[in-house]
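2 protein chains.
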Amino acid sequence: MQTNRITDLFSIKYPLIQAGMIWASGWKLASATSNAGGLGIIGAGSMYPEILREHIQKCKKATTKPFAVNVPMLYPDIEKIIEIIIEEDVEIVFTSAGNPKTWTKHLQDHNIKVVHVVSSVKFGQKAQDAGVDAVVAEGFEAGGHNGRDETTTLTLIPMITKAIDIPVIAAGGIANGNAMLATMILGADAVQVGTRFVASHEASSHLNFKKEVVKAKEGDTQLTLKELAPVRLLKNKFFNDIQTLYKQTPTKDELIALLGRARAKKGMFEGDLEEGELEIGQISGLISDILPASEIVDNMINEFEEAKKRACDLK
Amino acid sequence: MQTNRITDLFSIKYPLIQAGMIWASGWKLASATSNAGGLGIIGAGSMYPEILREHIQKCKKATTKPFAVNVPMLYPDIEKIIEIIIEEDVEIVFTSAGNPKTWTKHLQDHNIKVVHVVSSVKFGQKAQDAGVDAVVAEGFEAGGHNGRDETTTLTLIPMITKAIDIPVIAAGGIANGNAMLATMILGADAVQVGTRFVASHEASSHLNFKKEVVKAKEGDTQLTLKELAPVRLLKNKFFNDIQTLYKQTPTKDELIALLGRARAKKGMFEGDLEEGELEIGQISGLISDILPASEIVDNMINEFEEAKKRACDLK
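Taken in sequence, the protein lines are chains A and B.
Using this note's numbering, the letters of the first sequence correspond one by one to residues 783 to 1097.
Using this note's numbering, the letters of the second sequence correspond one by one to residues 783 to 1097.
Treat the hints loosely; a few may be bogus.
[Stated by the list, open to error] Label pairs and their in silico Cβ distance ranges:
no., chain 1, residue 1, chain 2, residue 2, range
1, A, 786, B, 1039, 53 to 61 Å
2, B, 947, A, 1057, 49 to 57 Å
3, B, 1084, A, 783, 23 to 31 Å
4, B, 1026, A, 1070, 42 to 50 Å
5, A, 993, B, 848, 47 to 55 Å
6, B, 785, A, 786, 31 to 39 Å
7, A, 1047, B, 1029, 30 to 38 Å
8, A, 843, B, 1031, 52 to 60 Å
9, B, 858, A, 858, 54 to 62 Å
[Unchecked claim] Derived, one-sided and incomplete: chain A residues facing chain B with beta-carbon distance under 7 Å:
no., residue
10, 937
11, 1073
12, 1074
Derived from the structure by calculation, the hints contain no laboratory data.
All C-beta atoms in this analysis are idealised placements derived from N, C-alpha and C, irrespective of residue type, glycine included.
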């Protein structure tokens, strides 16, 4: 596979990035992905600062390849997180859920590459104006937190790559090499893959949750809690409780009260499939096995190469 | 371009189908698309039976190539519509919004090819069981009426092509040759294109509406009225009125009362951009000109061929 703007930017072999995901992507998954030739990302969103430091240090021991840290900028201890990232010589940071102007320059001043996650053309333009090195453009079908415009990956990628010049990493709905090639034909320089890596041996997600991802079929996820922050969830008991509450026209505070604390940890990390919040993408309907991360990367690259051949002599 | 299952089924040159759309696709658009090598479709949903007969007869005079008629099966005068289709020797029928079992065999007994429009894997399987010749699999980003599962084209196509064996035509979010190739890499045999053909010279849509489609940007459409039948609309005054009503927790009857009668005709055919219902897809954000249908077909096929070349030596 030849190099492109994203493989050059990150010094990686394949334009394939494993998404930073709370309660799923610690040092084990990130290092396994990076060792396989993709870019692994540690998801800081579910880690206390010193836990993050431990994950970064373990990741450095487990791989000599580049890896990244994902930082949701609404994180309460954000200054401490940024400090640790700089102290530990992390080379690449993916920021999300916040204003890219706040930290981009500071991180770049410390020779850190900065990528910002967006869900619309408008936010893509703002991220480019803020000076980030690349954006992740994430469509409506993606798991977890999501944009308000509900723009799908198939429509977002051509519109955002037309509007901005920096590299674009497509995300949302991508779990195999066909979708990787498809989104790159639409103009993306690389892909970010979340859901597929949740169903991996190295994800720190609870096995109950991984099995639920494998079981999921088309139509089993939905975007909800739009009044708070839109999030795509598996339709379990907790999801149904939200829908029941909606029928009573809840206030925002009542929604917040139902959500409560630590629902995501309860579901995805502790494996409570009834009361927990299970964040996953639509493409879970296509996933039928739990695999080592290296096999996920290898499969996707092989499928990508085969899809290229099929495209070449497509009828 | 070589033949495939869909070009063989319809005896057309390109696996490119112009969607049957109310107040947009009459005989002019359908015959222009068919003459250009695609498959044109007359949208019967907004036509009285004898008007449909007139459109079919004019279409036959305007092209010697195959064309189709789209029939929403909830149409009140459905028996009359089916009778006219058979009397006028229409060769291909696309059915939507109803049970594919009801009319498929009757139409096929009259040597008519039947394609059913679905928005989920489950309905795709039901359509296959009903014996249809192919399905259109339409994603969440599509304009107009839409499915309840909100599955996007990028995720629907690989899941449905894995689940059923008959040919699959991808729809939703496809307005250029890149998206055509992308969805075919995902497994589709052909594409159906709606929004792009609304902004054509031959569409019977009001010029005001066509210009609004050209002006639309990413984020300017939204799926709404989910309690009645989910429909993707441009965000105009009428759309905002719906959102305002939603804040008051309306009953279904109150929503029906607001919708009223002939809103779609008022907006899309009569050009009332404030009070009318403007059905269009997310990909309107990518469209920047009103073109002859033949140019839309030529452009898409040229882009498709170029995208194939790019895919072959993709970095």
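### Query
Which earlier hints can't be squared with this structure?
When the structure is compared with the hints, numbers 2, 11 and 12 turn out to be violated.
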